[in-house]
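A.B. asks: Sequence:
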Amino acid sequence: MGRLSDCYDLFGPIIPFLEPLELEHYCIAVQETHRGIQNLVNASKWRYLLKANYNIGDSFFNSKPPSTPQHSRSRKSLTSKTEVLKSPVECDVIVGCLEMKNYLAIATLHRCFMENVFIIEGDIGCVTKIDGHQVDCIAFPTSGGLLNPAIGVAGRIHSLAGPNLNSFLIKNRTTFSQKHGPYYHQQSKCDLRLYEAYVMALREIRNSDGIDCATFASISTGNNRYPPEEASHLALTAMLDMMRIFRWRTKLAIVCIDRSTFKSFVRAKHAARTSDFGGVIENLKQLEDRQSEYISHQQRERVIVQELTTKIQTLENAFESLSNAFVSEIDDLQGKMLKKIEQLGDRVKVMERTSKVVGKTLDVIEKKQTEQVKLLGHSESTFQERFEHLSGSVSEAKKEVICLEEKVKVFGTQKDELSGRLDVIQVLQKEATEWTHKAKVDAVEHHMDHENLKQELKCATLALASDVQTLAGQSSAMRAALQQTHTEWKRQLESMREAIDMRIQKECSERHQRLHSVTQMLTANEFNAHEKYSQLQKSSSVIRAAIQEHMNICAKEFRSLSNRYKKLNDQVQNTSQEISKEIAYCTTHCSEQYHTLHRSVQQLAQILNISRA
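Each number in the working numbering comes from the position in the sequence shown (counting from 1) with 455 added on.
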């Protein structure tokens, strides 16, 4: 190995190729020798290196590290994983001039810039991680009202996030900061405006809690027609200046939608230098200090307004409590009324059910009556049919009796004929006696013929006697048969009449008993129905009276509550008038103070414009 003094001539050429930590170790090692201390103390050489390597002039050395504004969040209280950039300017380990220490700081800054700033090609809505870190924030150009423009990068992010993002922006519009990207038409102003847009976005990211990684869309390179070469240089210069002045590191990524813009940003990253717009950040720091005073004054006004609002809220709460109590009392009364009405409705329903049951029972009784009447009609029809049948049988018996009487008449005529025959026989007997007498007379004369005649007469008398006996037997038999049939028919007719009379009496008695029982049942049911109807009328009258009394009580309570509500409303109106007077006084006082502060801010803005010019 050579000696350390051999590296003295290589001091200038080797420095740009060393890493910040290596350069720091190199300077610590070189300060051991006299020649090395001369090189470390040579301010002109280090200024040349700053100008040659990082394009930093004399204006850079007049800037001081910023102090934390009063209103901004303390970096010590952040939960973020980011660390404040450490600078060798603040350490006394290395012996050398201020330019040397600033060179080491700028080298460290550029190293941090190259490690934490990324250029990505693609869709910004699809980028979720950068170098293994989750994306916490997206900075993108959008419309003036922060709503979904449905075009460009903003439209793409709104489409990926859904409609909830639009509603969230509408509700929290006052909490968001906004800076318009410039159009590329005036070179002297648009560069500064684009630089300010990036600085405002970076400042909001720095002042927000918990942001470790953020993505940027290339501002104004689309519809605003800003050239990507110039826009990329301004964007990366703003990031480098913010890291240099505020000494903070956060993962930042610029997402380019097309290839040409991506290449322009990659070239600009490797050629990044600090710009002459550093005064913008310093002016922003002064504005932050003035804004802190203005914000403190606003906070006082807010405290007064909050006190007034608390008073108003207490009064409103008291009014709401009273109104709620009033409403609860009314609801309780309404609930009681509804319960009683429901109870009355239940009673009415029970009465309706009982009336329906009574109607059904009456319908059943009427049906039974109709059925019984139908049965009675049917039994009467059957009885009439039986009576007609019996009357037909009686008429047939009468016809048979008439036939028998005719037969008896025929037998009488036959008897008369037989009696006539007997008379003829008697006449013949008389003639026979006369003939016998004549025969006796002639017997004397004709003794010879007497015996013959006597025998003939005996034969004739015997034949006549036999004929008479047969006729007498037949007539007696006929008479006996006629008498028997006549007596039998009489008995049958009498038995039939008695049976018919008994049946008619039984059926009439049974029907009379049935009708009597049915009439008794109907009268009992009618009496019960009348009693139930009278009871229902009495209960309905009692219920109506109770409802009327309860309605009167509710009306009285409602009147009393309405009077109380009117009194409370008058009290609330009086208190609200007093509060409105106090608010008007406070608003006038606050408006005067606001106008004075606004004038002072305008004066500061004019001073800033003059300083920029």
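Any given hint might turn out to be false.
Claimed, not checked - With a straight-line cut-off of 30 Å between C-alpha atoms, the simulated DSSO-like cross-links for lysine-lysine are:
| hint | residue 1 | residue 2 |
| --- | --- | --- |
| 1 | K1022 | K791 |
| 2 | K829 | K811 |
| 3 | K961 | K822 |
| 4 | K791 | K993 |
Hints were generated in silico from the structure; no laboratory data involved.
A.B. asks: What hint numbers does the structure not satisfy?
C.D. replies: Result: no hint breaks.
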